[in-house]
Amino acid sequence: METVITREAVHALLDRYPDEELDAIAGFLASRRAADGTDLSARGILERHGERSLTPEELEQFMAEYGPYMGPPDGEG
Amino acid sequence: MADKRREAFAPARFDDAQNQEDLVYLPDDAATALRSVRRDIDRDGGIAASRLKKCEAEGRDGTHLPGCLKTYVPWPDGRYGIVFQIVAHATRPWGLRAIAYGIRHKPGRGRLTVYELADQRLPEITAKDLRGEKPDAPATAEDDAPEG
Chain S
1 METVITREAV
11 HALLDRYPDE
21 ELDAIAGFLA
31 SRRAADGTDL
41 SARGILERHG
51 ERSLTPEELE
61 QFMAEYGPYM
71 GPPDGEG
Chain H
1 MADKRREAFA
11 PARFDDAQNQ
21 EDLVYLPDDA
31 ATALRSVRRD
41 IDRDGGIAAS
51 RLKKCEAEGR
61 DGTHLPGCLK
71 TYVPWPDGRY
81 GIVFQIVAHA
91 TRPWGLRAIA
101 YGIRHKPGRG
111 RLTVYELADQ
121 RLPEITAKDL
131 RGEKPDAPAT
141 AEDDAPEG
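Those protein sequences? They're chains S and H, same order as listed. With our numbering applied, the first sequence covers 1 to 77. With our numbering applied, the second sequence covers 1 to 148.
Since the hints were derived computationally from the structure, they do not count as laboratory data. Please note: incorrect hints may appear among the correct ones.
Among the chain S residues that face chain H by a calculated CB cut under 10 Å, a handful are [as the list claims (entries may be wrong)]:
#1 Pro18
#2 Asp19
#3 Ser31
#4 Gly50
#5 Gly77
Here are the simulated distance ranges between beta carbons [said to hold, decoys possible]:
#6 S:Arg33 - H:Pro11: 38 to 46 Å
#7 H:Thr91 - S:Val4: 36 to 44 Å
#8 H:Glu124 - S:Pro72: 24 to 32 Å
#9 S:Asp36 - H:Asp40: 28 to 36 Å
#10 S:Gln61 - H:Asp29: 34 to 42 Å
For each residue, glycine too, the CB sits at the ideal point set by N, CA and C.
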């Protein structure tokens, strides 16, 4: 059986965290939902436009076409 | 070395809701810089591949962006960045979808970099992730039911 978690339970979970961790938690929650509730997760964004991630084989082909022109990772992120 | 005369342009698209939300937390010049790069992309039919860099699968900043690409705004060393996911669509060629726009370097306590923003948007989160997290309340008979 699926566990059903309520808003009340989530609020109770938040109360477990010290104040200094609330910035990070709020940042995470805000990054995935717009103020109007729009889903801003990568999956939500792709679904909104009828898109999907590439399969490993497709990614390989994409990189074969564009990769030679691109810069390598630069350690920044 | 890549032949600049034949440089490829990768189709790149933006999500208005994501753009709008990300701009809320950025200075005014971020919107101007983004408009400019989007104009260039519209004009060229894509972003020049030479303006793309691979993201770190495991960054030293703790972010994980495997398979993602990024560009700096303005190119080549602006203070903002866009992180893209490479995507497929039923009727369009493969392309890029922006999933985050933001500042490249930590602007201060509580603010996220574009990499942290993208990293937080990538995970697939389902209700299953919350299993086992229950309110601080006495267990019920249902809680003791064996897991299937």
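Hints and how they fare:
1. Pro18: With Cβ-Cβ at 15 Å, over 10 Å, it is violated.
2. Asp19: violated, 12 Å
3. Ser31: holds, 4 Å
4. Gly50: This interface hint holds because 6 Å falls under the 10 Å limit.
5. Gly77: Result: holds, 3 Å to nearest chain H Cβ.
6. S:Arg33 - H:Pro11: 38 to 46 Å: Distance hint for S:Arg33, H:Pro11 is violated at roughly 27 Å.
7. H:Thr91 - S:Val4: 36 to 44 Å: Cβ of H:Thr91 to Cβ of S:Val4: about 39 Å, so the range 36 to 44 Å holds.
8. H:Glu124 - S:Pro72: 24 to 32 Å: holds, 27 Å
9. S:Asp36 - H:Asp40: 28 to 36 Å: holds, 29 Å
10. S:Gln61 - H:Asp29: 34 to 42 Å: Between S:Gln61 and H:Asp29, where Cβ atoms are some 38 Å apart, the hint holds.
In terms of the numbered hints stated before, the structure departs from hints 1, 2 and 6, listed from lowest to highest.
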